[in-house]
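**Student:** Here's the letter readout for the chains.
2 protein chains.
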Amino acid sequence: MAKQGLHNFFEPKSVAIIGASATPGKLGYIAVNNLLRIGYRGKIYPVNPKGGEMLGLKVFKNVKDIPEIVDVALVLIPAAFVVDTMKELAEKGVKSVVIVTGGFSEVDEKGAKMEEEIVRVAKGAGIRIMGPNTTGVISFPANFTTTFLNVDKLKVGGASYVAQTGNFGSITLLWILSRENFGISRVIGLGNKCDIDDADAIEYLGEDPCTKSIGMYIEGLKDGRRFIEVAKKVVRSKPVMVLKSGRTKAGARAAASHTASIAADDDIVDSALKQAGVIRVNNYGDLVSFAKAFNFQPPPLNNRIGAITPSGGLGVCTSDAIESMGLSITNLSEKTISKLKEITPPLVKVGNPFDIWPAVSNHGVEKCYAVGLEAILNDPNVDGVLVGFMQSPGVTELKNVDFLIDIMKKYSNKPVIAYCTGEWNLVEELRELFETHSEIQVPVYEFPEQASEALAVMYRYTEAINRLKK
Amino acid sequence: MAKQGLHNFFEPKSVAIIGASATPGKLGYIAVNNLLRIGYRGKIYPVNPKGGEMLGLKVFKNVKDIPEIVDVALVLIPAAFVVDTMKELAEKGVKSVVIVTGGFSEVDEKGAKMEEEIVRVAKGAGIRIMGPNTTGVISFPANFTTTFLNVDKLKVGGASYVAQTGNFGSITLLWILSRENFGISRVIGLGNKCDIDDADAIEYLGEDPCTKSIGMYIEGLKDGRRFIEVAKKVVRSKPVMVLKSGRTKAGARAAASHTASIAADDDIVDSALKQAGVIRVNNYGDLVSFAKAFNFQPPPLNNRIGAITPSGGLGVCTSDAIESMGLSITNLSEKTISKLKEITPPLVKVGNPFDIWPAVSNHGVEKCYAVGLEAILNDPNVDGVLVGFMQSPGVTELKNVDFLIDIMKKYSNKPVIAYCTGEWNLVEELRELFETHSEIQVPVYEFPEQASEALAVMYRYTEAINRLKK
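Keeping their order, the protein sequence lines are chains A and B. Residue numbers for the first sequence follow my numbering, so the first one is 1 and each next one is one higher. Residue numbers for the second sequence follow my numbering, so the first one is 1 and each next one is one higher.
Hints were generated in silico from the structure; no laboratory data involved. Incorrect hints may appear among the rest.
Each pair may be met inside one copy or between any two copies, as identical chains are not told apart.
[What the hints assert, rightly or not] Below, a list of computed lysine to aspartate or glutamate pairs in the EDC-like style, where the Cα atoms sit at most 16 Å apart:
#, residue 1, residue 2
1, LYS50, ASP65
2, LYS249, ASP265
3, LYS233, GLU109
4, LYS153, GLU423
5, LYS64, ASP266
6, LYS50, GLU334
7, LYS414, GLU229
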């Protein structure tokens, strides 16, 4: 029998909550309440032996009483009862189960035995399991969640995340929702991975039309070979970024104690991921930072970068950042140079990076950026642009970005990545203007090195695709 | 004749502004106005051939009319008149001059000739010059500034900055004042360095009791050997962090065009800085980020780090971060482990990092952090602590930090560095609570890798001192 796909986990038309509770604060209450709060449009069937009502919904005494075969069941009851529940779900014909409950292989031998039994039942009935010991999924396009995380602000977008541990996934999501301007598609907490694992997750996300980029937190892979095979396919259509921890001895020890992950030689992991075209990141924040770039801008087709800087010093730093990250400060064409010379005072040298500072007092900040951006984007030697802003009140301050968006629309195949320093409130304002623009969104980082790194990672992705397509 | 020190530039009892102007918006107006705005307590003598009054001050028609020998003169007039002014200042007996005016060696041969003439006059009269082509100094402890930057919020503290270009110094200062919670001592824009150079600047800051840490932006060093000699001395009493740009080919090209800095083999620069115990940083933001750590906490005496984490996943990432940066996840003593076991559920393994998550539901967030921090700080195997927070509303949220500060006071020779992720507003609140505390300030970073890096840099400083003192 062919394996069920994961579609039901993310777009279920109905869900049973096994272990629903009418007591506010309990997991079984939060789960039902969260579905109602975020506007889940499918049918919700709370299940609890006590029956009755909760939050305006009828509570079913057991699974078999539910008047339909639900698309997904969410299991919240204590570990000891899960095997029996699995049997009931199998009998009912349910094919997708999220087991939130912990106390299985992550705890002891007895738990591992129960987990094996669960898998046996599931296999016999063609059930796919997410978990156990997980927060499960959040699916923004379907207003669906199985997690205990209170999500109010649903910003639907293209970034999907897969985390080995639910806590990690939740906290990353909290950060993104409260701090970032890009939207989310699917979030998956894999837990013990008794059935669905990292490879299954990215296989699904690879085919998911809502997902534009995939970020992963992995402590250990049970079947590294299969993951690499699947990743190779997925990378052709969307970037996969992996934070694989346990890369040091202390990290490996901590991973073993946290998720019983077996240490792998990190050099081998590293080269396998590289071979698969996966972008490996070593900082937790990079999973967020790079997703922003991928969701807002196209990757550069080659590594020839043009830069615009608000000061000479930042120009030197930007040059270092770009070139030390495997990109190239390109030679601008004669035509571009003469356009830039038109606004620059006669004694000042013009090159790449283009420093707007000497031109600002004669032409004003807006004109300098407009002339610079148009000339550089139009240059055939340029594959992407890094623009620096300096929010110095009354000096190089920008309060409007529409004129720059208009220029970018003409060259929408070339990425523009920005950084902005200066007075914090003004920096935040500019970031908001660029990142939440209705037409083209420009990711804004704080410093030239972060922006350069985002651009470099996008270029590495282009290289990976080209290599895989050969 | 012995060279004048730089004291007058930072603690002048009187200042002449040559090129003062009564017209708002002009540099000569802003300079005088800024001094009044930030509450400069010395005498201000505006100088302009037109005479009259400005901002309630008498304007002197020329330097010789000023009724005293001013401690410092600020020169804002066009380049062509600067040589004559220098002669007048020499005659008057002024010994410290900031030349803001540009148009000298940074522009052309003719400018270079004028600069040479200025230096000749200055040497003959024992005058020290800062500049030309600079914004000069900001001295927070003296409420003194020569820059055109509007500084309203004076937060006096221990971080001093030296930048080759004034713009760079100003924008870094703007960022710090509007975004950071640590205070500033002296900011120096060196400009063309016709007299006072990087070595002079750090020599002064090294002896300045107000300065606790020194951050520098350097594009080129005219006398690298002397800089290294001076740095070796300064590093014994306070950390020196250097962002030396021009480390790539494109960067060196940009530096040559920006400040006519001559490219040096970057490997040689790197090893010279290392030998001198200077902390080299490659990211613009690090100059800010590491200054925060040095100004808030003592460096660790050795590299044995204890970590407290709010989730298992973050514990694995923290372990990787700490060990990959040359620190060590230490083995906690038996005594510490048993203290941590007292609050941890029986089946959960306890180690370093200490994960509070399993203990939170039984003991609450505050108790978990308190027990963890006290036990780990008290451990003789621990030289510094990295604490992670996760501002997840109602789950691991902290609204008060006093109980942690009380514990830290008992172990004030061991640094505590924090990171905090989660819901942005709550993260910002926690950062504010820790960084602006009246007794002990804990630097809060966003992600474990940034916090680990700050701790690692502090330890590198300890190593440097130990080596230099041998």
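**Student:** Each hint needs a verdict: does it hold in this structure or not?
**Tutor:** Hints, one by one, checked against the model:
1. LYS50 <-> ASP65: within (13 Å within a copy, 97 Å between copies)
2. LYS249 <-> ASP265: within (10 Å within a copy, 35 Å between copies)
3. LYS233 <-> GLU109: Classified as neither; 36 Å inside a copy, 61 Å across copies.
4. LYS153 <-> GLU423: between (28 Å within a copy, 12 Å between copies)
5. LYS64 <-> ASP266: Classified as neither; 48 Å inside a copy, 73 Å across copies.
6. LYS50 <-> GLU334: neither (80 Å within a copy, 48 Å between copies)
7. LYS414 <-> GLU229: neither (30 Å within a copy, 48 Å between copies)
Violated hints, in rising order: 3, 5, 6 and 7; the structure is consistent with all others.
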